[in-house]
Amino acid sequence: MAPNPKELWSEIERGLEAASKVDGENMQAFLTLNETALKQGALDTKTKCIICAAIALSHNSEHCIAGRVRGALEAGASRQELVEAAALSRLMAGSLVLGNSIALFLNSVSAFAPDYGK
Numbered sequence: 340m341a342p343n344p345k346e347l348w349s350e351i352e353r354g355l356e357a358a359s360k361v362d363g364e365n366m367q368a369f370l371t372l373n374e375t376a377l378k379q380g381a382l383d384t385k386t387k388c389i390i391c392a393a394i395a396l397s398h399n400s401e402h403c404i405a406g407r408v409r410g411a412l413e414a415g416a417s418r419q420e421l422v423e424a425a426a427l428s429r430l431m432a433g434s435l436v437l438g439n440s441i442a443l444f445l446n447s448v449s450a451f452a453p454d455y456g457k
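Just so you know, this note's numbering puts 349 at position 10 of the sequence shown, and the rest follows in order with no gaps.
Errors might be hidden in some of the hints.
Unchecked claim - When the alpha-carbon atoms are kept at most 35 angstroms apart in a straight line, the in silico DSBU-like pairs for lysine-lysine are as follows:
# : residue 1 : residue 2
1 : 378       : 345
2 : 360       : 345
3 : 345       : 387
In short, the hints are calculated from the structure, not lab data.
Build the full structure now, drawing on both the sequences and the hints.
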C-alpha cells in the first residue's frame with residue numbers, strides 16, 4: 340500500500356525546517372533554486388510543475404511525488420494533466436513506475452485535490 344501523501348508532505352515540511360536550522364545557507368540556496376527553476380519562462384510554471392511531478396514519479400521518490408503533485412495542483416494543473424504526465428513517466432521509465440509509486444502519485448492527486456477536475 341502506498342504511503343499517505345499528506346503525511347509525506349508533513350515530513351517534507353518538518354525536514355525543510357530542521358535542515359534550515361542546521362544548514363540555513365545551503366537550504367536557502369536550494370529553495371531559491373527551486374523558486375528560480377519554476378519561474379515563468381519559455382515554459383509556464385504549471386507545465387514545469389507537471390514535469391517535476393512526472394520526473395519524481397520516474398525516480399520513485401515518495402516525498403518528491405507527494406510534494407511535486409501538490410505543487411503542480413497548486414500551480415493549476417488538472418487531474419487529467421497529471422494522469423497524462425504519469426503515463427509519459429511510465430512510457431519513459433518503464434516498470435519503475437508501476438506498483439506503489441503510481442499508486443502514491445494518483446493518491447497524491449486525490450489527497451491534495453479531492454474534488455478538482457472530477
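To see whether the hints hold, each was checked on the structure:
1. For the hint linking residue 378 to residue 345, the alpha-carbon distance of about 25 angstroms falls within 35 angstroms, and the restraint holds.
2. Distance hint between residue 360 and residue 345 is fulfilled; the C-alpha atoms sit about 23 angstroms from each other, no more than 35 angstroms.
3. Taking the CA atoms of residue 345 and residue 387, the gap is about 22 angstroms. The hint holds against a cut of 35 angstroms.
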